[in-house]
Every structure is written in C-alpha cells, then in structure tokens.
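Student: Chain by chain, the residues:
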Amino acid sequence: MDDLRELYQATILDHNKKPRNFRVLEDANREADGRNPLCGDELTLYARVSDDGRVEEVTFQGTGCAISKASASLMTDFVKGKTLAEVEADFDRFHRLVTSSPSTPAETDGLGKLEVFAGVREYPMRVKCASLSWHALRAALDDEGQVAKTE
Amino acid sequence: MSFDVESIRKDFPIFETRMHGKPLTYLDSAASAQKPRAVLDAMSDFYGSHYANIHRGVYQLSAEATIRYEEVRERVARFIGAPDPREVIFVRNATEAINLVARTHGEQEIEAGDEIVITTMEHHANIVPWQMLAERNGAVLRVAEIDDDGVLDIDHLVSLLGPRTKLLAFAEVSNALGTINPVRRLTDIARERGIVTLVDGAQAVPHQPVDVAALGCDFYAFSGHKVFGPSGAGVLHGRLPLLDAMPPFLGGGDMIESVSFEGTTFAPVPQKFEAGTPDIASVIGFGAAVDYLESIGMDRIAAHEQSLLAYATERLAEVPGLRIVGTAKEKAAVISFVLEDVHPHDIGTVLDGEGIAIRAGHHCAQPLMKRMGVPATARASFSLYNTRADADRLVDALQKTVEIFR
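Protein sequence lines, in the order shown, are assigned to chains A and B.
Here the numbering used here is used: position 46 in the first sequence is 46, and no number is missing along the way.
Here the numbering used here is used: position 92 in the second sequence is 92, and no number is missing along the way.
Be aware that a few hints might be false.
The list that follows gives simulated cross-link-like pairs (lysine to aspartate or glutamate, EDC-like), each with its CA atoms no further than 16 angstroms apart [as the list claims (entries may be wrong)]:
(1) K17/A with D155/B
(2) K18/A with D341/B
(3) K22/B with D33/A
(4) K82/A with D51/A
(5) K17/A with E340/B
(6) K370/B with E42/A
(7) K370/B with D148/B
(8) K370/B with D147/B
(9) K18/A with E340/B
(10) K80/A with D90/A
(11) K17/A with E403/B
(12) K166/B with E109/B
(13) K370/B with E109/B
(14) K400/B with D3/A
(15) K166/B with D149/B
The hints are simulated quantities; they were obtained by calculation from the structure and are not laboratory data.
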C-alpha cells in the first residue's frame with residue numbers, strides 16, 4: 001500500500017480527475033497522436049509554437065490511465081512558454097527520472113512538480129504510460145502530424 | 001467424489017511463491033495457465049533420460065523419443081474426440097494453427113471475390129491471418145455482429161453467408177467476454193451451405209469437454225500453454241480429407257517423402273505440416289497436462305468453474321461503479337469489467353500490489369472493445385485451481401482501488 005501511495009500521489013490523482021489543458025487547441029500549428037499499442041491508450045497533443053520557437057500553448061485530448069493522463073496534464077503546464085530546446089532538455093530529464101534505477105536517488109532537479117513521477121521507477125510496466133505524452137509532444141514539435149508510439 | 005481444489009492447488013508449485021509478500025491470486029489463466037508439477041516432471045524426465053531428435057535416428061533413444069511424441073498425438077486425439085490421430089497437427093500455438101490454415105487451405109481454396117466470415121468477438125489471431133489472406137488474394141472479409149451482452153447475432157451471421165462464402169471462422173469461447181458460442185448450430189448452418197469452418201478453441205479446451213467430431217467443425221485450433229502445458233506446443237485439428245488436399249505450410253526436413261533438385265514429394269499428414277525439429281519436450285509436457293486433466297475430469301472442472309463464475313459475478317456487484325462487460329447467459333469463467341473513473345491499467349497495478357494477477361487492456365480484441373464502447377477492460381479469468389477466496393480477495397482489492405481513486 002505504501003508503494004502504491006508513492007505511485008498514486010495526491011497530485012497525480014488530482015490531475016487524473018481534473019486534467020489541465022484537456023481540450024482541442026483550435027489554433028494549433030503542431031499536432032501529434034500518441035499511442036501505446038500494448039494497452040490501447042491514445043492521446044492527441046496540440047501545440048502552438050511561435051515564429052521564434054517558443055511553445056505558446058499546449059493542450060491534449062484522449063483516453064488513458066491515471067499515470068498517462070496526469071503526466072500529460074502536468075507536462076502541458078510545465079512546458080508552456082518554453083523554447084523547443086528547453087522542452088527537449090525537459091524530456092531528457094523526465095525520461096531519466098522515470099527510467100532510473102529505484103535504488104539510486106531520484107534526480108529531480110529542474111523538474112518541479114514532475115518529481116511526483118519518481119514513484120513510476122518502481123513499476124517498469126508503467127514507464128510507457130508516464131512517457132506517452134512526452135513522446136507525442138516531441139513528435140509534434142519535431143515534425144508535424146506524426147504518430148508517436150511508445151513501442 | 002467432490003472437487004478438491006485445495007489438493008489441486010498443491011499440484012501447482014507456483015502457488016508456493018509470494019507476490020509483494022502476499023499469496024499469489026492468479027486470475028489470468030485466459031492469458032496463460034499455470035503448470036502442474038506433473039508437466040514439469042515429465043519435461044525434466046524427458047530431457048534428463050529420454051531425449052533425442054524424433055523421426056530420424058536408428059538408435060534406441062531416438063526410436064523411444066519418437067514413440068513418446070507420437071503417443072501424445074494419440075492422447076490428444078482422444079482428449080478432443082478426433083477420430084484419427086493423424087488429424088492432430090502439432091504447432092506452436094493457436095495463432096500458428098490459424099495461420100497455417102490461412103496459408104495453405106486459404107491460399108488454395110479461396111479466390112478473389114470469395115468471402116470469409118468472422119465475428120466481432122474474435123481475438124486478433126482469428127482476424128489478422130484472414131485479413132492478410134484477403135490482402136493477398138482479393139478475398140472479402142465480412143464480420144458478423146454481436147449484441148450489447150456480447151452474444152453473437154446469428155441472424156446477421158446467416159445473412160452474410162452467400163454463394164461466395166468459402167470459410168466461417170469463429171471462437172468457441174470469447175477470450176475477452178467469456179461468451180460461449182453455439183458451435184454445433186453454426187457448423188450445421190455452414191455445412192448446409194458447403195462452407196468450411198474453423199473454430200478457435202483456445203479459450204474452450206482448458207474449461208470444458210471438447211469433442212471435435214460432435215462440434216462438426218472442419219478445423220479446430222488451440223494452444224497447449226492455456227491447457228496447463230508448456231508454451232511452444234499447440235494443436236491444429238483438421239478433418240483428414242481437407243488436410244490431405246492442402247499444400248504444405250513450411251518446407252524442410254521431416255515433411256518430405258523424397259527430395260531431388262528436380263522436385264520434392266511430400267510426406268503424408270501429419271508430417272506434411274511438421275517441418276523441422278518440433279518442440280519435442282513441450283509436446284511431451286503437453287501430453288502430461290492432458291493426462292492430468294483427464295485424471296480430474298473436464299466435466300468436473302467445468303462445474304467448478306461455473307460455480308466460481310456465479311459466485312464472483314454476484315460478489316463483484318458489491319463494488320461501487322463496477323460494470324461487467326460481456327453478460328451472455330452462456331459464459332465461461334471469464335469476467336471483463338470496468339470501474340467508473342478508474343482505468344483498467346490502474347486497477348491492474350493496485351491489484352498487483354495485493355498479489356492479484358489480472359489482465360488489463362484490449363485483450364488482443366480491439367474491434368470488440370470498440371463495439372462494446374470501452375477502450376480497454378480489466379479481466380479476471382478463473383480456472384480449475386481458483387477458489388472462492390480468490391474471488392473474495394479480488395473484491396476486497398477492488399474496494400481498495402475505488403477508495404484510492406475516489
């Protein structure tokens with residue numbers, strides 16, 4: 001039960017229940033689908049990127065588990081206003097956090113609220129849930145209209 | 001003699017292990033069944049004392065290994081009511097069995113414009129091989145509908161059958177919903193119209209007596225690993241005249257009569273379909289599983305599971321916000337469900353923490369999930385070694401899940 005509370009922290013449960021930025025972005029100029037073929041989770045990521053390469057707005061829609069929904073919700077809050085290079089660095093940091101060994105101290109520097117996903121390290125089967133939205137975001141920002149898969 | 005589930009559990013070493021410090025509650029036998037000690041011992045004894053390649057050596061060890069392997073064929077034929085052991089082809093699993101039929105019978109007998117009929121409740125293994133065949137040869141795939149309970153709409157299925165229908169393929173038991181289809185009725189309908197039938201029996205053989213002759217199907221496919229045997233051994237049953245008329249599947253050793261660079265003649269069935277060295281030890285282990293099941297009796301296993309199904313269905317109704325997906329009257333002990341506001345994956349993770357193994361996801365049946373209006377479900381499947389206490393633990397853990405996500 002303690003492990004479970006570590007995974008399903010209050011922040012994650014809250015964002016699962018009331019996901020932020022959970023809507024279609026009408027004036028998006030970037031968009032990508034993310035799919036987890038293993039479980040059928042699907043989400044669409046919308047972003048509006050300014051001419052000088054800054055993520056002005058980012059939203060999402062779709063179905064998924066608490067981990068994937070909360071991750072998408074917290075991510076959209078987190079990357080808003082950042083440059084593409086900053087988002088790429090965030091992706092790397094987040095990925096390192098959720099895939100690092102549970103026996104090492106979690107590196108949460110610069111991840112702010114996203115540190116709640118450290119608990120995912122204990123659940124290797126759930127890493128893909130946590131990173132699905134990030135893969136979709138990267139696909140949206142890299143090339144438009146790509147489908148991101150976690151497999 | 002009463003069904004002594006506690007003594008049956010002692011036959012399965014896995015139940016001595018603990019999950020997260022808790023006893024293992026295994027409710028995922030529809031994905032793969034656990035193995036009784038008899039199966040492990042048979043394989044270990046075979047490798048340790050009797051192993052050699054089959055159908056090849058002139059020495060005693062090889063001759064004995066061949067006899068043991070072929071004896072399993074006879075036992076399996078008896079177990080599923082096949083009139084002739086040559087009708088039992090050993091393959092890896094049900095998926096390979098269905099692909100074999102699509103690649104041989106399908107390629108030879110089904111032409112552009114011909115129709116293949118399947119149902120909405122099929123596992124991907126009974127969809128994709130036919131789709132691939134249709135892609136290759138221009139055949140048309142048609143799909144019979146089901147109702148909201150997950151029951152096959154037979155009138156709709158019949159309306160799809162026409163002069164171009166060459167094959168009807170369907171599951172005896174749905175892996176995702178548990179629905180039991182009226183196989184004999186469907187094979188009668190097909191036979192009257194000269195349509196060949198393939199029954200996916202992967203979810204039926206572990207749970208109820210199967211008699212392919214009484215079912216009246218042309219092909220019957222199942223996996224040994226769901227029938228308490230090792231992974232790597234499965235069965236395609238086919239009626240002899242059909243098998244004889246089919247071209248080989250894979251070419252190689254063991255499936256030939258004579259080879260020259262000018263041409264090759266093929267061995268008769270079943271060897272024609274068993275190219276190369278098969279998974280000999282898994283077939284031996286599968287034979288031990290069949291013996292084990294016969295020693296208990298499939299009728300008694302079916303009765304035990306039906307009583308568990310009724311009990312678990314009733315108890316699950318206590319969980320607030322739980323809805324069972326698949327409510328056919330004729331059901332195997334498979335319960336798919338969704339919880340309001342909790343995704344099946346999260347259910348699976350919370351239950352895992354309680355030592356409970358269930359399946360969460362689309363169960364390799366995405367079109368069916370779409371028809372039932374859910375992206376995924378959680379699925380608890382019961383088997384001969386499950387108890388009412390397992391169902392109680394499931395319900396308790398689901399209550400806990402509801403609390404966490406409240």
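Student: Against each hint, give a clear statement of whether it holds in the structure.
Tutor: Each hint, compared with the structure:
no. : hint               : result
1   : K17/A with D155/B  : violated, 43 angstroms
2   : K18/A with D341/B  : holds, 11 angstroms
3   : K22/B with D33/A   : violated, 39 angstroms
4   : K82/A with D51/A   : holds, 13 angstroms
5   : K17/A with E340/B  : holds, 12 angstroms
6   : K370/B with E42/A  : holds, 13 angstroms
7   : K370/B with D148/B : holds, 12 angstroms
8   : K370/B with D147/B : holds, 13 angstroms
9   : K18/A with E340/B  : holds, 15 angstroms
10  : K80/A with D90/A   : holds, 12 angstroms
11  : K17/A with E403/B  : holds, 14 angstroms
12  : K166/B with E109/B : holds, 8 angstroms
13  : K370/B with E109/B : violated, 32 angstroms
14  : K400/B with D3/A   : holds, 14 angstroms
15  : K166/B with D149/B : violated, 28 angstroms
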